[in-house]
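Participant: Each chain is listed here by its residues.
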Amino acid sequence: MHYNWDWGVFFHSTGIGSEIYLDWFIKGLGWTIALSLAGWVIALLLGTVLGVMRTLPGKILPKIAAVYVEIFRNIPLLVQLFVWYFIVPDLLPQGLQTWFKQDLNPATSAFISVVICLGLFTAARVCEQVRTGIQALPKGQTNAAYALGLRVPQIYKEVLLPQAFRIIIPPLTSEFLNIFKNSSVASLIGLMELLAQTKQTAEFTANLFEAFTLATIIYFVLNMGLMLFMRWVEKRVRVPGLIALGGK
Amino acid sequence: MDFSSLITAMPGLLSGMMLTLKLLVLAIIGGVALGTLLALARLSNNKLLSTLAGFYVNYFRSIPLLLVITWFYFVVPFIIGWLTGTNEPIGAFYSCLVAFMMFEAAYYCEIVRAGIQSISKGQVNAAYALGMSYSQTMRLVILPQAFRKMTPLLLQQSIILFQDTSLVYAVGLMDFLNSARSGGDIVGELHQFLLFAGLVYFIISFGASTLVKRLQKRLTV
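Those sequence lines, one after another, are chains A and B. For the first sequence, the UniProt record's numbering begins at 1 and goes up steadily by one. For the second sequence, the UniProt record's numbering begins at 1 and goes up steadily by one.
The following block holds chain A by itself, in its conformation from the complex (with noise of 0.2 Å):
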């Protein structure tokens, strides 16, 4: 099979205004980092909110967190898109659901179904990280902060969590870097986000192993580099004496 290579083909016009193949990649690295912080930030409210319920006393907040973490770990994530996208729109109050189908841009109501997909996808993972993380800091700590007359939020706000977020710093950067992968389904629903537009360049030019290439390595450095600052951050506030996890 004949093939044409040539690296430089990033710099080639698009033939669209004054844009170059290497503007699209870009634009959709935009799209991809935007999915996964907008996401990041859902996830991690609602896992904190989802793991702190876990650790309650009681019997029906640590079930009803449970069920979510069931639901939301065994259904594929595509299929969780799928919902997001094609069923929960339909669902919506007559006037809203107009606006979201209508009113806006395609790719901000793609933009807003991925976002909600991962952000409450990832929030079950979350969840769990969070669990442990607090299951993980001695039983003294709670009896101490009970002791000195804290009431249960203050317990979490001020001794529990500060600790638990230290040691789980590890699993939850794996978590975020997953978030940040995973967005790649937005493709599948057609936002312009990094694979998308790879594909997109592909097409274009028939040089696919260029294009290809280019999306993985930005993929791959971007990982290695945040797997590397989060390692550095995690020594900084580690806790002296506490548990030394990850020390690797």
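Because the hints were derived from the structure by calculation, they are not lab data. Keep in mind that this is a model prediction, so the values were computed, not measured. Every residue gets a Cβ at the ideal spot worked out from N, C-alpha and C, and that includes glycine.
Reference excerpt, derived from the structure (chain B facing chain A, CB under 8 Å, subset only):
(1) Y59
(2) L67
(3) T70
(4) W71
(5) F74
(6) F78
(7) S166
(8) A170
(9) L194
(10) Y201
(11) F206
Below, simulated DSBU-like cross-link-like pairs (lysine-lysine); rule was C-alpha separation at most 30 Å, straight line:
(12) K157(A) to K235(A)
(13) K101(A) to K27(A)
(14) K121(B) to K213(B)
(15) K217(B) to K121(B)
(16) K217(B) to K59(A)
(17) K63(A) to K217(B)
(18) K235(A) to K47(B)
(19) K47(B) to K121(B)
(20) K213(B) to K22(B)
(21) K63(A) to K157(A)
(22) K217(B) to K139(A)
(23) K157(A) to K59(A)
(24) K22(B) to K149(B)
(25) K157(A) to K139(A)
(26) K139(A) to K63(A)
(27) K139(A) to K213(B)
(28) K59(A) to K139(A)
(29) K149(B) to K121(B)
(30) K213(B) to K59(A)
(31) K63(A) to K213(B)
Knowing the structure of chain A, use the given hints to seat chain B on it.
Facilitator: Chain B only, in chain A's frame:
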């Protein structure tokens, strides 16, 4: 909601599920085999071999599976063409299978590596003292024990793989999810079909992971 059209669509859905399961089983076999080789390479004393295996694992773990599936869908036919000199198309199923095997091998490798490292060093020394070679030690002493320990983790990873097979949607392969989507599109009842697909995935994954948890309890000494 009316679910009656699901019954008429059942044969299509079943054949989709068969494809999903076929892909899953082959990918697990290939992934575990390749992953074990990679784990042995990572733990070997040969610097070059362990660095290469380490790079392989880090590489596949830091790129999205969807990227790998798409890459291979475009690229594998080219490579086969170069290797064999023919222009035979190999089809989406095989390119997806190769993608899953190579991608999952990186994850299985880490599990196998941890399993091997959990076997005490004395076992290796004892095997050497008995005059066994490296391959005998691994095959007859270390790996059988390691695999028993890591079966729950390997199964857990395979459940994740089961869910991930739905991503073949990207290259138009008719797996379970894609059959449900297209079946629903044809009769205009996408909602029911997607919810049904979600329910089936949930029941299988949840059932399987409950069984794995029970197995894990029985295996722990």
